[in-house]
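Residue numbers (my numbering), protein chains in the order written: chain A, 1 to 215; chain B, 1 to 252.
Please keep in mind that the hints were generated in silico from the structure rather than gathered at the bench.
By construction, the Cβ of each residue, glycine as well, lies at the ideal position given by its N, Cα and C atoms.
There could be a bad hint or two in this list.
[Unchecked claim] Derived SDA-like pairs (lysine to any residue); straight-line CA-CA distance at most 25 Å:
(1) B/K81 <-> A/T128
(2) B/K121 <-> A/Q138
(3) B/K81 <-> A/S43
(4) B/K81 <-> A/R42
(5) B/K244 <-> B/D230
(6) B/K142 <-> B/Q117
(7) B/K142 <-> A/I207
[Unchecked claim] Partial pick of chain A residues on the chain B-facing surface, computed with a CB cut under 10 Å:
(8) Q116
(9) A120
(10) V122
(11) L123
(12) R133
(13) I134
(14) K141
(15) L211
(16) Y213
(17) R215
What follows is each chain in one-letter form.
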Amino acid sequence: MTLSTMLSTMAAGMLRTCGIFALTLIGSLPLGMVVALLRKSRSPIVRGIIRVYISVIRGTPLMLQLLVWYFGPFYLFEWSIRGWRFPALILGFIVNYAAYFAEIYRGGIESMPVGQYEAAEVLGYTKTQTFMRIILPQVIKRIMPSITNEVITLVKDTSLAFTLAYQEVFSLAKQISASQTSFMPFVIAGVFYFIANYAVQFAMERIEKALNYYR
Amino acid sequence: MILEMKNIEKHFDDLEILKGISMGVDSGEVVSIIGPSGSGKSTLLRCATFLETIDGGEILYMGKEAAHTDANGKVVYVHHKELREFRSYYGLVFQQFNLFPHYNVLQNLTDAPIEVQHRSKDEAEETAMELLRKMGIEDKAKAYPYQLSGGQQQRVAIARALAMKPEILFFDEPTSALDPELTGEVLKVIRQLADEKMTMVVVTHEMAFAKAVSNRVIFMAGGVIVEQGDPAQVFDDPKEERTKQFLRVFER
Ligand SMILES: Nc1ncnc2c1ncn2[C@@H]1O[C@H](COP(=O)(O)OP(=O)(O)OP(=O)(O)O)[C@@H](O)[C@H]1O
Ligand SMILES: [Mg+2]
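Starting from the given sequences, assemble the full structure and let the hints guide the process.
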C-alpha cells in the first residue's frame, strides 16, 4: 500500500472522528446546562437522580459506558442492535460529556457573586432574564478555561470509538497497521490528533480573547 | 406617603434583628438612617426592597399593600408578578455598586428599562445620557465598569437606579467602599438629587452629610428606632442616652 492510498483510506476515518467530536459537543454542551439546572431543582427526587447520574458517569470508564450503550439493549430487552452502533456511540459520548460539562457549569454558576442576582432582582428582572442576560454571559467567560480542557480531552477520547469497532481514524490505523505490518498508520493518526488539538486550542484561545473585553 | 413600613419584624434563625420597626417616607423627603454596626440598618433596607422577607408587619408603597400579616400572624406577600410591579417604585444603590461587568456603562443604564419596562431603545438611551451628564460622567458611556474608579462606578450605579424612574431611592452606605478622596463626588450627586426633591432613604456613617442633606434622621440600635427627628435636634440635642453615646464616638 502506498502512502497516498493509506492517507486516503484514513481520511474517511478522520472525517468520522470529526463527526463524533462535533456531534458530541452539539449534544453535550446544551444537555450539560440542562443537567446543571436540574441539579438545582426544587424536587429532591430530581436532584437525587442527577447526583447519581453524575457520580456513575464520573466513576466508570467511558469505554465501559460505550459497551453498555451498545450491548445493553440486546442483553436487557433482546432488541436487535443492527444499525445501533453509531447512535449508541454518540449517545454514550454525549451523556458522558454532559455530566462533566454540568459540573463545570455548576461551579461557574456558584462562583457568581450574590450581588449580581440582587442587583438584577431589584431592577425587576425575572429569574429567566437574570440568568440569561446577567449570569450566563459571565459564567461562560469564567468557565472557558475548563471547557477548553474538556474539549481537548474529547479530541483524544474519540479514539475510544474503536471499542465498538467504529471505523474512525484510530480503528483504521490499527487495522491497516496489522494488515500491512507497518507503523506508518499510527504516525499518521498521531499527526492528525496533534493537528486537531492544535486547531481546537487556537479556536478556544480566540473565543477566550473575544471575551476579554471586560473583567 | 411613598413608603410605609409598619411593625417590621425580622429574624435570622433565633436571632431577632428587627424588633417592630415603623417608618414612613413622604414624597420629596430625605431620610438618613444612622446607628452602630449590626443594628439592622441594612436588613431594614433589604426588607423594604424585598431582598429579605419580613417575619411580621406591613409594607406599603404608594398606599398599596405589598405585604401584610394575617390574623394568624403569618406574613403574606402579593403574588410575585405583582411584587415585580412594586419594584418599579424603588431603586437600591449598594455599598459594593454591583454593576454588571459585561455591560458597558450605557448598557448598564438601558438594559433594565428596555427589557423590564419595555421602553424603546432610543428613549432609554436618551434618558441614560441625560443621567450620565448629571453624574458628570457622560464621557464614560462606552467604558466598562472595570475601567472606572470606585467613585465613578458608584455614580453609574446611582444612574442605573434612576434610569428606572423610581419614586424612591434607597442607599446602603454608598460611600463605605470608596477611598476617602472619592466619597465627595458621590455625596455631591446625592446632595444634588436632594435639591431636586428626589425621595431618598440613606443609610450612612457620614454624619456631616446626614446632618446637611436630610430632612429627618433615624437613629437605630439593637433592631429598634431609638430616636428620630430633625437632624439639628438629633445631632446637637439628642434626647436618648444611647444616641448621645453613639454620637460621642463620632465626635472624636
Ligand atoms: N443573612 C443573614 N443571616 C444571618 N444573620 C444575618 C444575616 N444578615 C444579617 N445578619 C445579622 O443581622 C444583624 C444586623 O445586620 P445588618 O447588616 O442589618 O446591620 P447594619 O446595621 O447594616 O450594620 P453595618 O453598619 O455594619 O452595615 C447582624 O448581627 C448580622 O450579623
Ligand atoms: Mg449595613
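Hint check results:
The straight-line distance between the Cα atoms of B/K81 and A/T128 is roughly 13 Å, inside the 25 Å bound, and the hint therefore holds. The hinted pair formed by B/K121 and A/Q138 meets the criterion: a straight-line CA distance of about 23 Å does not exceed 25 Å. Distance restraint check for B/K81 and A/S43: the Cα-Cα separation of roughly 23 Å lies within the 25 Å cut-off, and the hinted pair is therefore satisfied. For a cut-off of 25 Å, the pair hint linking B/K81 to A/R42 stands: about 20 Å separates their Cα positions.
Only pairs whose Cα atoms come within 25 Å are accepted, and B/K244 paired with B/D230 is accepted, the gap being roughly 15 Å. For the suggested pair B/K142 and B/Q117, the alpha carbons sit about 22 Å apart, so the restraint of at most 25 Å is met. Distance restraint check for B/K142 and A/I207: the Cα-Cα separation of roughly 22 Å lies within the 25 Å cut-off, and the hinted pair is therefore satisfied. At about 6 Å, the closest approach between the beta carbon of A/Q116 and any beta carbon in chain B falls short of 10 Å, and the interface hint on this residue holds.
The beta carbon of A/A120 is positioned within 10 Å of a beta carbon in chain B (closest approach about 8 Å), and the interface hint is therefore held. A hinted interface residue such as A/V122 counts as satisfied when its beta carbon comes closer than 10 Å to some beta carbon of chain B; here the least separation is about 5 Å, so the hint holds. Here the hint on A/L123 is kept, as its CB sits about 4 Å from the closest CB of chain B, short of 10 Å. Below 10 Å, beta-carbon pairs count as interface contacts, and A/R133 has one with chain B at about 7 Å; its hint therefore holds.
With a cut of 10 Å, the hint placing A/I134 at the interface with chain B holds, because the nearest CB-to-CB distance is about 6 Å. The closest approach between the C-beta of A/K141 and any C-beta of chain B is roughly 7 Å, which is under the 10 Å cut-off, so the hint is satisfied. Nearest Cβ of chain B to the Cβ of A/L211: about 9 Å, under the 10 Å cut. The hint holds. Hint on A/Y213 holds. Least Cβ distance to chain B is approximately 7 Å, under the 10 Å limit.
The beta carbon of A/R215 is positioned within 10 Å of a beta carbon in chain B (closest approach about 4 Å), and the interface hint is therefore held.
Violated hints are absent here; each numbered hint is respected by the structure.
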